[in-house]
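Engineer: As a plain string of letters, each chain reads:
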Amino acid sequence: MLAIVLSILLAPLAAFALVIFFGRWLPRGGDWVSLIAIWGGLGLSLYLFFARILVAYNPTFLENFSFDWLVWGDYRLTVGIALDNMAVMMLVVVTLVSAVVHLFSIGYMKGDPRYSQFFAYLSFFSFSMLGLVLADNLLVIYAFWELVGLSSYLLIGFWYEKDSASDAGKKAFITNRVGDAGMLVGILLVFTVLGTMNLREITEGVAAGKLSGGLLTTAGICLFLGAVGKSAQFPLHVWLPDAMEGPTPVSALIHAATMVAAGVYLTARIFVILTVDASLVIAYVGGFTAIFAATIAVAQNDIKRVLAYSTVSQLGYMVMALGVGAYTAGFFHLVTHAMFKACLFLGSGSVIHALHHALHHAGSHADAQDLRNMGGLRKRMPLTFWTFLIATVALSGVPLTSGFISKDAILGGTLAFVMEHPVHWPLALFGFCAAALTAFYMFRLVYLAFAGTFRGSPQAESHLRESPAVITAPLIILSTLCFFAFFTLPALNPTTPEGGWFAHLFPNPPRAYETALSGEHAAVAGHGAEAATESLHHTAHNAAMLISILVAGLGIWIATLGYYWKRISPAYWQTRFGVLYRGMFHKWWSDEIYDATVIKGTLGFSRLLAWFDLRGIDGVVNGSAWLTRWASVVQGWFDLRVVDGLVNRAAWFVGVWGKFVRRFQSGQIQRYIFYSLLVVGIVVVLNWFGGLR
Amino acid sequence: MNSLTTYIIISIVLFLLGLLAMMTRKNAISVLMGVELILNSAGLAFVAFGRFVAGNLDGQTAALFIIIVAAAEAAVALAVFLNYYRLKATAEVDKADALRG
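Just so you know, the sequences run in chain order A and B.
Counting from 0, one number per residue, gives the positions in the first sequence under numbering that gives the first Met the number 0.
Counting from 0, one number per residue, gives the positions in the second sequence under numbering that gives the first Met the number 0.
Bound conformation, chain B alone (with noise of 0.2 angstroms):
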């Protein structure tokens, strides 16, 4: 079972769950865990490629890359969510439509 389908598998059930949480929750912390589980399926499957199919350590430095982003990604989106909460008194996203047609 230690091979690279298993990863790969694990990989698109977790891009998966991450897209689910961030099309279907409400909340806006809620979509961000989505987002964040979305980047982890992709490191994984940095790592996994690196390590089946390279043979080297490029991927293993990609998803510290990821590692990096997402920490920054999650300051700022907490940031812009805690500004949104004090302008609507919320922080579903729905409910942030200012950009409707």
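The shape of chain A in the complex, shown without the other chains (with noise of 0.2 angstroms):
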């Protein structure tokens, strides 16, 4: 079971070392490397899957592989490998989609300068994500964490030579640091308190009422921080949109299964642990979000941007679900958004694909990406057209799909919430307004891409080709897990995931606090108040899923009449509502928004500190540089003139009375005969007067 695990998680590792190496010198630039590492870790991955997780069928079950990593005195630092059944359910979205994306790379970025570079980073971004998913420790997360992050700034950033490329890159990592802070500060603090990092322990420790009240609020919301800036919630979604920049694979991975999907997983992951007051800030986060991206998502005509804040407002769903308590529901739509957010990205990718080279045949240098210069490429790109249908309508939550079902769970959660705590009526509104809203732009996304006559060049329209296998195969890999019954199973009702294998394996988990606080006594008087609850949810279920459907049908309908059968001109309501569509437009201003403010602040904050570097600090150097240097003038002049003076001076006497002295030593033995006869003269005469006694 380790080695297997093992293998998934370090075969990406060591693809990304051998490409980033040895890639120049492989055949086909090592991409087949990549590749092997990534379609085996699927295939291990779905063997884990079906022979481990179907078979004991266990909602409870886990497996730990846990060693030493640091001993310090009494306490040990472990660090190891948690494989429960969200685990191995992230470990198959994972590496599911990033095969797909990997094999849809082959054909995207053929011919590209760095394309060995290209499948090393796709490596070595399936390993960080992959080690995210399996870590046990919150420590550990983090590291992967930020690895997350590193890949996906080289990613973004992957054709550095283009600005917006390398700006977009540099916006999303220093974005998602922002929120990284804030989960370091939640680790710390969990890590204080409890004093241990292994999430299970900390479960426990909570379980156990040792971290509670204010204390437990505040660490789940530094935690959810980090899901913030990942999983690009408001108001940190800014670097999503401008990810765009990333070459459409990279979208792909990173707006289906990895990056975005990291914020979701985490929040799941501490659901358990979350306050009262902390899930509501993240359902607020959550259904704000969700509507505020979707009403962005309405006005753009970038074909990748639409999808952007498609996936911001549908994260904004998951987060909005674990927040409200719909655990399963959250976590649901995380892996079936997985698959047709996927499979609309790389559709996308097909049409840009296509599109970019009839352009550059026709010689014109219109924008690929711009939904204006499409239109009609349902006959050119027929099976880029139906995946990217299916797709559309899984996500517009139609019946019959992956996507229905789990938006419907979401909603009904909510929708149960809010009857139990009508005050929060507003969660409710976001959710459902978000739904008619998505479904609007997704079917006005694929009117004015397919449906139609081509707005390009009709020279353009003759080179519009179907895009080749290894772009197609993907898309229909993906589009056919849009269908409902792969999730329902055993059970084969379109309408809810209960009955099925998923709603079996991954149940709503006790919240932890709720035990430290009821114990055993409560429990037991808790059994009536499950039963009335779950009538509740009953209710809220079938009504939200009428609601939903009408919702849907609404904004599908609303889009046909303006982009399909042209009843209404979008002009007209556009001028209409002049303000409000200058506010989708223009994404509510939020980069003006954070240009003015925290851009703005920073730089006239730095702008301050560098006045005062030169002023004040410079001064006080240069300050000292003068004083010194005027002491040591002082000091130059008392050694020249007195310490130098007395040794001169010395040097002097003792010179010349040597040469006094001299004069005496003749060399004559004659002489010195004389001295020392007129000396013993000298001594005699002395003596003779009695000077010596």
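These aren't lab readings, by the way, just hints derived from the structure by calculation.
Do not rely on the hints blindly, as some may be mistaken.
Claimed, not checked - Pairs of lysine-lysine, BS3-like flavour, derived with a Cα cap of 30 angstroms:
#1 A:Lys565 - A:Lys658
#2 B:Lys25 - B:Lys87
#3 A:Lys378 - A:Lys658
#4 A:Lys599 - B:Lys87
#5 A:Lys658 - B:Lys25
#6 B:Lys25 - B:Lys94
#7 A:Lys658 - B:Lys94
#8 A:Lys565 - A:Lys378
#9 A:Lys169 - A:Lys599
Said to hold, decoys possible - Which chain B residues stay away from chain A? Per the calculated CB distances, all over 12 angstroms, these:
#10 Ile9
#11 Gly33
#12 Leu43
#13 Val52
#14 Asn55
#15 Leu56
#16 Ile65
#17 Leu77
#18 Leu81
#19 Leu86
#20 Asp96
Only a predicted model underlies this, so the values are computations on that prediction, with no experimental measurement involved.
The beta-carbon is built from N, C-alpha and C at its ideal position, and this holds for glycine as well.
Put the complex together from the two separate chains, hints included.
Structural biologist: Next up, the structure:
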């Protein structure tokens, strides 16, 4: 078991090392190394999924492999792999999407000068995400979290010759850092109180009441901040649309299965320790993000940007689901969304690829991503169209698709929450409005791109071709997985995940703080309440299903009226609600607001600091230098005059004395004799007078 | 007149004459002669003191030593002078001032 998990995790890392160092000398740039690593990982993940999870069919399945990493005195830092249902499910999702993205990239990145490097980065990204999924420890999660950030930076800025691409890479990285800082605070907070970073031990500690109240709420919100950054929740959503500057397969990978899913995954992991207040914050952030991004998506003209805001909006759904306690629904939507969003992104990649070549042949420099340059692609690219349509239908929440049941589960959970706590009615409003908007902008996208007639030149149209099989095969695989039955077996009920394997394997876990609060006594009393809640959920679910079909139908109907039948003029409504439209078009000025506040503020503060540095710090430094210089002058004078003067005087005196004395040393022995005699004479004379007595 | 005083006076005169010769003579041989005079004045003084004061043979023994030392000294000095003469082509002592300061 451990060997399988480790090979899934480490194969992409090995592929990364091999391709980045030796890719130049490998045939085909070493893309097959990365492909083998990830498809092998997919095979092993599917094996784990079918052979272990589905056979065991145990909601509390858990296998833990850990070892002591650091030992400080009594404290042991244990790290390892926790393999539970969620981890295995994520393994399958990540490797599946990553594998089809690898396949797609062969066609899409063909002829790129850094083809080999691209595959190395893809492998590295997959490795980071798999490590994040498997970790049993917040510290390790944080490490892989940052690796995901790094690899996203490398991939978003892959075409770094373009300024916009390298800026987008930086923006993604820096915006993520803001959230990560909060996450680090959360981790340290938990560690300080509970003395452990192991997720299971944290849950046990909270259940034992060691961490509770406001501190637990703060810890939960801080940890969630990391998810806000990675999953592009309001207000840190700004990096995600810009990340569209990366190659389209990267967008598919980031937006469907890896990076943005990491935030939701983390929130789901810490779900059990979240308090009521923290959950409420999470629910509102998610709900607001869902509606906020959906309104922006309506007015975008870039095919990838529409999908990007759609991703932000759908992530808001997942986060809101986790916030209102619909754990199963949130995680379910993560899985289903990964499939159809990857399909949509790869489909848009196929469109862009084909259009780019066609425009290139026609000598046009029009933007291959702009919806206004498309139209009528259905006849030219039937495979892309049909797969794209299936994924669109799923995202819009039309019955019989996976998106319908997962979104419906979220809306049902939200409605149940609102019925229990009527004060929080905006959450339900956000959810249903976002659902209508989703259906509207997705069908608007499909009509603009695929329906009608081609809006480019006839020359370009004649060069439009369906993409090669390496590009369409992933689309077919992913669009197949949009069918509801894959997620509800063995039950064949297209309305709810209840009764299916997913709902069985991922039940709502008990909240740890509730265990801490209530104890056994309340648990017994809670049974009656549980039954009541269940019937409430049932009612809510049915109501939500009806409403969501209605709003989705409404959205599709309006889109059809406006963009297919052309009964109503979008241009008229755009001018009618000018302010509203401009707000949507300009992303509610969120970049401008950031520019005016955070960026200008930072720059202003930096300028202030620079001024202080120049005047204050440099002044002190220069002053001390000036002081030192003058002290040196004084000291030099003293040295030259006084010290040297003394030394020179002594030397001069010795010299003069020596000159005088040398005269006596004539070298003539006879003189010496005379001197001796003289001295003897003096001694005798003195003796005579008694002077020496 | 045959008394200690006479001998000592003669010895002093001899000494002073020797000293004068050492100090004033230019020729190295003459200086050596002065040295011999001084040595002999000392020898005379020893013998005189030995005869009149000590009354034994100690003074005469010392005089004998002096004679021997003088003989050796003369040999050494003559050898030095010979080399000096070879070097400087003169025997005048005031030319020997290599150690002047």
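Engineer: Hint by hint, say whether it matches the structure.
Structural biologist: Verification of the supplied hints:
This hinted pair does not check out: Lys565 (chain A) and Lys658 (chain A) have alpha carbons roughly 123 angstroms apart, beyond 30 angstroms. Using a Cα cut-off of 30 angstroms, the hinted pair Lys25 (chain B) and Lys87 (chain B) holds, with the two alpha carbons roughly 14 angstroms apart. Note on Lys378 (chain A) and Lys658 (chain A): the hinted pairing is violated, with a Cα-Cα distance of about 120 angstroms set against a maximum of 30 angstroms. Of the supplied pair hints, the one linking Lys599 (chain A) and Lys87 (chain B) is violated, its CA atoms being roughly 101 angstroms apart against a limit of 30 angstroms.
The suggested pairing of Lys658 (chain A) with Lys25 (chain B) holds, with an alpha-carbon distance near 28 angstroms, which does not exceed 30 angstroms. With a CA separation close to 9 angstroms, the supplied pair Lys25 (chain B) and Lys94 (chain B) stays within the 30 angstroms bound. Restraint check: the Cα-Cα separation between Lys658 (chain A) and Lys94 (chain B) comes to about 22 angstroms, which is no more than 30 angstroms; the hinted pair holds. Our distance criterion of 30 angstroms between C-alpha atoms is met by Lys565 (chain A) and Lys378 (chain A), whose separation comes to about 20 angstroms.
Between Lys169 (chain A) and Lys599 (chain A), the direct Cα distance comes to roughly 17 angstroms. Compliance with the 30 angstroms bound is thereby established for this hinted pair. With a cut of 12 angstroms on Cβ distances, Ile9 (chain B) stays outside the contact zone with chain A, its closest approach being about 21 angstroms. At roughly 10 angstroms, the least C-beta separation between Gly33 (chain B) and chain A is not larger than 12 angstroms, which violates its mark as non-interface. Every CB of chain A lies more than 12 angstroms from the CB of Leu43 (chain B), the least distance being 20 angstroms, so the non-interface label holds.
Val52 (chain B), annotated as away from the interface, keeps every beta carbon of chain A farther than 12 angstroms; the closest lies near 22 angstroms. Separation of Asn55 (chain B) from chain A is adequate, the least Cβ-Cβ distance of about 30 angstroms exceeding the 12 angstroms criterion. Distance check on Leu56 (chain B): its Cβ is at least 31 angstroms (rounded) from any Cβ of chain A, clearing the 12 angstroms threshold; non-interface status holds. Distance check on Ile65 (chain B): its Cβ is at least 20 angstroms (rounded) from any Cβ of chain A, clearing the 12 angstroms threshold; non-interface status holds.
Every beta carbon of chain A lies more than 12 angstroms from that of Leu77 (chain B), the smallest distance being close to 16 angstroms; the non-interface claim holds. Every C-beta of chain A lies more than 12 angstroms from that of Leu81 (chain B), the closest at about 18 angstroms, which supports listing it as non-interface. With a least CB separation of 15 angstroms from chain A, Leu86 (chain B) remains clear of the 12 angstroms interface cut-off, as annotated. Once the 12 angstroms rule is applied to beta carbons, Asp96 (chain B) is inconsistent with being away from chain A; the minimum gap is 3 angstroms.
In terms of the numbered hints stated before, the structure departs from hints 1, 3, 4, 11, 20, listed from lowest to highest.
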